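J.: Construct the complete structure from the given sequences, taking the supplied hints into account.
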Amino acid sequence: MLIVDGHCHVSPCWYEPVESLLFHMDRNGVARAVLIQMNGQADNAYQCEVTRRFPGRFASVAWIRTDQPGACDELRRLADQGIAGVRFSATTKSPGGDGLAIWRTAAALRLAVSCGGSSADFAREEFTEVVRAFPELPIVLEHLGGHNSPGPDSVENRQKVLDLARFPNVYIKVHGLGEFCRRRLPVVEPLIFDTPIPPLFEMAYERFGPRRMMWGSDYPPVSAREGYRNALRLTLDRFASASEEDRELIFGKVALSVFGPRA
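Sequential numbering from 3 applies to the sequence shown in the working numbering.
Honestly, the hints are just simulated from the structure, not real lab data.
Warning: the hint list may mix true and false statements.
Claimed, not checked - Here are the simulated distance ranges between beta carbons:
1) Arg112 with Arg213: 15 to 21 angstroms
2) Pro201 with Glu128: 24 to 30 angstroms
3) Arg235 with Leu187: 18 to 24 angstroms
4) Asp196 with Ser22: 25 to 31 angstroms
5) Phe25 with Leu187: 24 to 30 angstroms
6) Leu187 with Gln161: 30 to 36 angstroms
7) Thr197 with Gln161: 22 to 28 angstroms
Source: prediction; values computed, not measured.
Backbone N, C-alpha and C define an ideal beta-carbon position, used for all residues, glycine too.
T.: Structure follows, in C-alpha cells:
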C-alpha cells in the first residue's frame with residue numbers, strides 16, 4: 003500500500019525541520035507527504051525548497067494573508083512556483099467588494115484548498131455558499147471538520163459538517179484517535195485510550211466514502227498526543243474491516259489525487 007501523509011507541518015524556526023518528519027515517515031513506511039503551512043506563516047519559501055530538494059516526495063500547501071489587497075497576486079506567484087494547494091479557513095474572505103475573490107483565484111489556478119476551522123465555522127450557511135459557488139474546487143475539511151475545536155452546539159454542528167458530503171467537491175481529513183479520545187492511564191497496549199471510542203471515523207466513512215477521505219498525521223502536534231506511529235497504526239486498525247481498495251484510497255490515493263505530490 004502506498005501511504006501518503008495528507009497533513010503535516012515542517013519549519014526551520016517552529017515545530018520541526020523536514021528531516022525530523024522524514025525520520026517518522028521512513029520508520030513507518032510513509033512514502034509521500036503533503037506539507038500544510040502553519041497558520042500565520044506567510045513565508046512559504048522553506049516548503050517550496052523542500053519540494054525541490056525531495057522531488058516527488060512532498061507537495062506544498064501554502065498559507066497567505068488573504069486579508070491583504072495583493073493576496074490574489076501572491077497566490078498566482080506561489081502557483082507559478084509549484085504549490086499544490088492553499089490553506090484557507092472556513093471564514094476566509096477577501097477585502098473589498100468581492101469577498102470570494104481569493105476563492106475564485108484558487109479555483110482558476112486549479113489549486114486544492116485545505117480548509118481549517120471549528121465545526122461551528124464549517125456549519126455556517128456562509129461556508130455552504132462558498133462550497134456551492136465553486137463546484138470544481140476541491141475543498142478538504144481538516145481535522146474531521148473541526149472536531150478538535152468543536153465550538154458550541156457541537157452535536158448539531160457535527161451533523162451539518164457531515165451534511166457537506168452532499169457536495170462532491172468536499173473531502174474530509176482523518177487524523178489520529180488522540181484528537182478526540184482520552185488517553186488511558188496507565189498507558190498499556192493495546193487499549194491506550196478510554197473506551198468506547200467515538201465512531202467519528204466510521205461516521206465520516208459512511209457519509210463521505212473512501213474516495214473523499216484522506217489520512218494525515220498532523221505531525222508534529224501529534225507528538226504531544228499518541229505519536230506518529232500510533233496515529234497511523236491505530237487509524238489503519240479502525241478501517242480494518244474496509245476493503246483493501248478503500249484503505250488504499252484513504253491512506254494514500256485520495257491525498258495523491260487532490261494535492262500530489264507527483265513524481
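J.: A separate judgement is required for each hint: does it hold in the structure or not?
T.: Evaluation of the provided hints:
1. Remark: the range hint 15 to 21 angstroms for arginine 112 to arginine 213 is upheld by a beta-carbon distance near 19 angstroms.
2. Range check, proline 201 to glutamate 128: Cβ separation about 29 angstroms, and the 24 to 30 angstroms hint holds.
3. The given range of 18 to 24 angstroms is respected by arginine 235 and leucine 187, whose C-beta atoms sit roughly 20 angstroms from each other.
4. Range check, aspartate 196 to serine 22: about 29 angstroms between beta-carbon atoms, so the 25 to 31 angstroms window is met.
5. Between phenylalanine 25 and leucine 187 the Cβ separation comes to about 28 angstroms, which falls inside the hinted range of 24 to 30 angstroms.
6. Between leucine 187 and glutamine 161 the beta carbons are some 32 angstroms apart, a value that agrees with the proposed interval 30 to 36 angstroms.
7. For threonine 197 paired with glutamine 161, a C-beta distance near 24 angstroms keeps the hint of 22 to 28 angstroms intact.
In summary, this structure violates none of the numbered hints.
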